[in-house]
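For reference, the chains in residue letters:
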Amino acid sequence: MSSEALVLFFIVGTVLVGGAILFSWYAAPRSYNPVKFEPYECGIEVNSSAWIQFNVGYYLFAIIYLIFDVETVFIFPWAVVMKEIGMRAFIEILIFFFVLVLGLIYAWKKGALKWV
Amino acid sequence: MNVIINYFKDIFQGVWSLIQGMRVTGYYFFHPRQIVTQQYPENRDKLVMFERFKGEVIMPHDENNQHRCTGCGICEINCPNGSIEILTETVINEEGKKEKRIDKHIYHLSMCTFCGLCVKTCPSDALAWGNEFEHAVYDRHKLTKVLNQPGSSLKKEPKSTAKEIKA
Amino acid sequence: MEREQLKEAIARLAPGLEFPENAQLTEVLAPTAGFRDLCKALRSDAALQFDYLISMTAVDYPDHIVLVYHLHSSALGHTLVLKQKLTDREKAEADTVSDLWLTAEYQEREVFDLFGVHFNGHQDMRRIFLEDHWVGHPLRKDYVDEINIIER
Amino acid sequence: MSTETSTLNLFIGENDEYIINMGPQHPSTHGVLRLELALKGELVERVVPHVGYIHRGIEKMSEKLPYPQIIHLTDRMDYLSALMNNEAVCLAAESALQVEVPERVKYVRTILAELQRLASHQLWWCAFGMDLGALTTFFYGLRDREKILDIFEESFGSRLLHSYYLPGGLMHDIHPNFQKRVKEFLKYFRKKLPEYDQLLTGNVIFQNRVKGIGLLSKEDAISYGVTGPSGRGSGFACDVRKHQPYSAYDKVEFTECLHTDGDTWARYKVRVQEMWESMHIIEQLIDNIPEGDYTAKMKAIIKLPAGEYFQRVETARGELAVYIVSDGNKTPYRIHFRTPNFSNMFVMSKIGVGCKIADLVALGGSLDLVIPDIDR
Amino acid sequence: MRFDIYDFTSFTQDIDRLLQENLTPFWATVAELTIVGVVILAFYALVGLFLVYAERKVCAFMQNRLGPNRVGPFGIFQTIADLIKLLMKELIPIKHADKILFNLAPFIVIIASFMAIAAIPFARGLHAIDLNIGVFYVFAVSSMGVIGILLAGWSSNNKYSLIGAMRSGAMVVSYELSVGLSLLSIVIFAGTMQLSGIVESQADGWWIFKGHIPAFIAFLLFITASTAETNRGPFDLAEAESELTAGFHTEYSGIRFAFFFLAEYMNMFIVASIAVTIFLGGWMPLQFGGLEGFNTVMAYIPPLVWFFLKVAFVIYLMMWFKWTFPRLRIDQILTLEWKYLLPLSLINTVLIALVVLLGWHF
Chain A
2 MSSEALVLFF IVGTVLVGGA ILFSWYAAPR SYNPVKFEPY ECGIEVNSSA
52 WIQFNVGYYL FAIIYLIFDV ETVFIFPWAV VMKEIGMRAF IEILIFFFVL
102 VLGLIYAWKK GALKWV
Chain H
24 MNVIINYFKD IFQGVWSLIQ GMRVTGYYFF HPRQIVTQQY PENRDKLVMF
74 ERFKGEVIMP HDENNQHRCT GCGICEINCP NGSIEILTET VINEEGKKEK
124 RIDKHIYHLS MCTFCGLCVK TCPSDALAWG NEFEHAVYDR HKLTKVLNQP
174 GSSLKKEPKS TAKEIKA
Chain P
84 MEREQLKEAI ARLAPGLEFP ENAQLTEVLA PTAGFRDLCK ALRSDAALQF
134 DYLISMTAVD YPDHIVLVYH LHSSALGHTL VLKQKLTDRE KAEADTVSDL
184 WLTAEYQERE VFDLFGVHFN GHQDMRRIFL EDHWVGHPLR KDYVDEINII
234 ER
Chain C
18 MSTETSTLNL FIGENDEYII NMGPQHPSTH GVLRLELALK GELVERVVPH
68 VGYIHRGIEK MSEKLPYPQI IHLTDRMDYL SALMNNEAVC LAAESALQVE
118 VPERVKYVRT ILAELQRLAS HQLWWCAFGM DLGALTTFFY GLRDREKILD
168 IFEESFGSRL LHSYYLPGGL MHDIHPNFQK RVKEFLKYFR KKLPEYDQLL
218 TGNVIFQNRV KGIGLLSKED AISYGVTGPS GRGSGFACDV RKHQPYSAYD
268 KVEFTECLHT DGDTWARYKV RVQEMWESMH IIEQLIDNIP EGDYTAKMKA
318 IIKLPAGEYF QRVETARGEL AVYIVSDGNK TPYRIHFRTP NFSNMFVMSK
368 IGVGCKIADL VALGGSLDLV IPDIDR
Chain X
43 MRFDIYDFTS FTQDIDRLLQ ENLTPFWATV AELTIVGVVI LAFYALVGLF
93 LVYAERKVCA FMQNRLGPNR VGPFGIFQTI ADLIKLLMKE LIPIKHADKI
143 LFNLAPFIVI IASFMAIAAI PFARGLHAID LNIGVFYVFA VSSMGVIGIL
193 LAGWSSNNKY SLIGAMRSGA MVVSYELSVG LSLLSIVIFA GTMQLSGIVE
243 SQADGWWIFK GHIPAFIAFL LFITASTAET NRGPFDLAEA ESELTAGFHT
293 EYSGIRFAFF FLAEYMNMFI VASIAVTIFL GGWMPLQFGG LEGFNTVMAY
343 IPPLVWFFLK VAFVIYLMMW FKWTFPRLRI DQILTLEWKY LLPLSLINTV
393 LIALVVLLGW HF
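Chains as they are written, first to last, in this note's numbering: chain A, 2 to 117; chain H, 24 to 190; chain P, 84 to 235; chain C, 18 to 393; chain X, 43 to 404.
Bear in mind the hints are in silico, worked out from the structure with no lab data behind them.
Using N, Cα and C, we set each Cβ at its ideal position, and we do this for glycine too.
Among the clues, some could well be false.
[Stated by the list, open to error] Pair ranges (Cβ atoms, derived):
no., chain 1, residue 1, chain 2, residue 2, range
1, C, Gln115, P, Gly204, 40 to 50 Å
2, H, Asn87, C, Asn305, 43 to 53 Å
3, C, Pro322, P, His201, 32 to 42 Å
4, P, Gly219, H, Lys69, 50 to 60 Å
Only chain A is shown next, with the shape it has when bound in the complex (with noise of 0.2 Å):
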């Protein structure tokens, strides 16, 4: 099949949660109480919402790897030819990791790749 047929898949996904849920809606009993639909923590009323500015700790991460990821994309073309090109390829991508590499490193040594 061609490639539309990815339509499919995301057809059948959402005919699959989509019944089970509905399914789901009608036939499983309902009970009302108002502390049920509280968020769970860990039986204690909550006092304060959970969308708080809220250090995540890994930004730096997310910038490297955004980097690194890019990275990784240009490389796909390359690892597909690079049977046919040989030597010149290999050498070309020497370059291209040790960029990278020092990139890394760099990262590194300056600390970005350590949790606060």
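Based on these hints, arrange chains H, P, C and X on the given structure of chain A.
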């Protein structure tokens, strides 16, 4: 250079330690004979509790429906949480004398902590431990039990015998 | 250290200390005034070094409350029972030792919770076990709870 | 100082901190302990423990009970070292009455205490592994603990809450099979304990998770009164068995396991080492249990002479001290239990600061808390 | 209609022709899609149910216990019973939750796994879509599920969930790289990104054997990194039950929770399938040079059996990890990736390029 050697050494040692752990779980995976699970309701017939198992307090009766409880109330005093109540009645015996006799030895299993002081302190060895452990009931009032069976009477015997049994 | 030596060493630290006889361990009854200074000295004195507060509790008597501190020296291995008598049962107050022995912070909270002894200088004087709105102090002898305490 | 200005009692949500409640219904607090955490991302900035969810007033209840009946309440403090708790009250009463208990009782008490310690450490080991996410440890630990519980069950009919001791001795004699079964168990467990090491101790992930976490200095350990394996991990020589021997501990050879690092790893090592030591102690005693009575001659109603009595006992988690004030009656005037977990737990508010949530779980696991023991 | 269990190309073509002949082109397409949809749905459910059962049994045996054994013989219907139970459970609407995102999250995780399955070749000619950039596509789609997890955690209005979601975010920004680089190393060998092409290139031997040690290292890296991608095993700190009660799906109940659960197992299956396709020769039988008799016997085993046996092996490996190791901490996860796996992957890629260049592989 040392840094690089140590770096790879770390990796190999780490992976080796992981393999050590996987060996243990892998060993048990391929040795299902070592499984220790007891399939409880199925193995009821084979399931024998230890003779000293503290399941519940019982009052042994002999074949003549006789027990040894005199109704002295020592177990009631010695129970830390009041799970034993003793109701006595006064009856006139064959000799025409008034005699205090046990009417009901009430045992609240729901309050019992299985400390064993009643069994230990009973002067006439009327109480013992039963091996029953399936106590679950739907109504908690069923956990209140009368230990002396209906129509039972006190076993008359010289005190020395009771001591012998205990020893 | 022998009992007598210990008594001598402690008697040097502060005046007005009583040493009850016939006690299982070396016992000192200290006056309420200057109790904290005595504790400080007991902790820092080179010959005593009571650095480990095993237990701190109170005993409620009909007309007074006694605070009991069991002290131990981890280096020298001797034990001491230190006591102070709070005569005002209704408004019992004592000095805190929670900065000398950090464990006292919580033991004092327990005593506050269950005996109602307020510790001056304690940084977090709250009930520890019971709820904040609980009325009364359960371990006192005159505490009444008709529902849960059943007299036999 | 009033509560408003206190640094510890900040209200939830104040200062835009991420306040999260860990417990009372949380899988890794091993009971109903509530830790109020202030987080900054994953980092814990403040730990405020709240206890008392299962406060039962054992001390108040005990004031109304005769001494033999108090013993069954002590079971329910630290339920994993029930026998040692029983022993503490018994020893206090015996020293007050100046009763000399038979040698047999001393030996049996020591062996049982060590078995109980083994069982407790096994449960700690498997729960600790589970705290760190290695669920398999849980089943291996429980599997081996079952053997000890079987020994207990055969001898005195109960597996967890024993109430086996009475002032003056034991409630009844040990089972004739006792020695045989203990020896069988030791043989079995000596083979299984190295497996524990393979599975968890040597594991590189595990070591990274526990090393350098929750540093507790010796001074803090003493000042906070952190005893037992947790205190010994910090180098605080607090083993009552060694320093104030009771029962038959003066007759056996054993080393007090001390580590000076004070981190979670040190506490772990102390406990694993203690398992070996416990086995060593039992092996010295098990063949030499003297014949004799299982209890000293006691009066029917035990009345302690007026006075104050203090008895320290080493439980699996640390030092349990019983303080009894008697006025000569058959019930104590006041009884106080200095329980090990009470002091061990509150140190979390100090050493938990600055570690991550996952570390806090590891740290709590390494302190080996039993919550009923804190609340009493 | 012929049916050759060694080559499904003719089988699918036959069905296609049959439909085209009997129906109008539009309805033929509709019928075709319906058939494929139903087959996929059935397959998906079957794999999910089996994997849940398998995991329970495997972990039970490792832990010295029996595992489910009450519903049906050896408890094989346990997961079906669980599914019915979960279907009949109440869907609890959480107060103050972000309703739309909260409901959307299970859709995303399930759809992401469906999309990934589309590209996997199960046997010759038996695949939904044979993309020419298959590796790249799988690499892209398999990381989409994390968005669902992030949404679930964020929308629940629960602090544990949020922390769990953030953790899974941290993981996906790291392990994606190692997955990519280790897949890439085989692309260098095969010279194509088409998944079926990669399998065909392994007819004379699997890449894990042909590629010497670098390919084996790449396999290990892939297994490690993809275990992390699927939030499993020692990397399950997005749901870390001992720390965050249940992490990102704390607030999900009933069938909604079941979908997260299912997605985890399906992701495991997908990851294992990719590992099998790329490293372990897909549907290709085990072949050794020189052992003619052995090779013939092996070649007689149908490719579907080969494929699923290999997948089962890889999944068993992942379960083995999960039930042996303690969980890593968040900073250790990142350290492991950035200081160990990533440099190793880079070095390994260069090594493989070198091996290819010098023609050292078979």
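We went through each hint and held it up to the structure:
no.	hint	in the structure
1	Gln115(C) <-> Gly204(P): 40 to 50 Å	holds (42 Å)
2	Asn87(H) <-> Asn305(C): 43 to 53 Å	holds (47 Å)
3	Pro322(C) <-> His201(P): 32 to 42 Å	holds (34 Å)
4	Gly219(P) <-> Lys69(H): 50 to 60 Å	holds (55 Å)
Against the hints set out earlier in the document, no violation occurs for any number.
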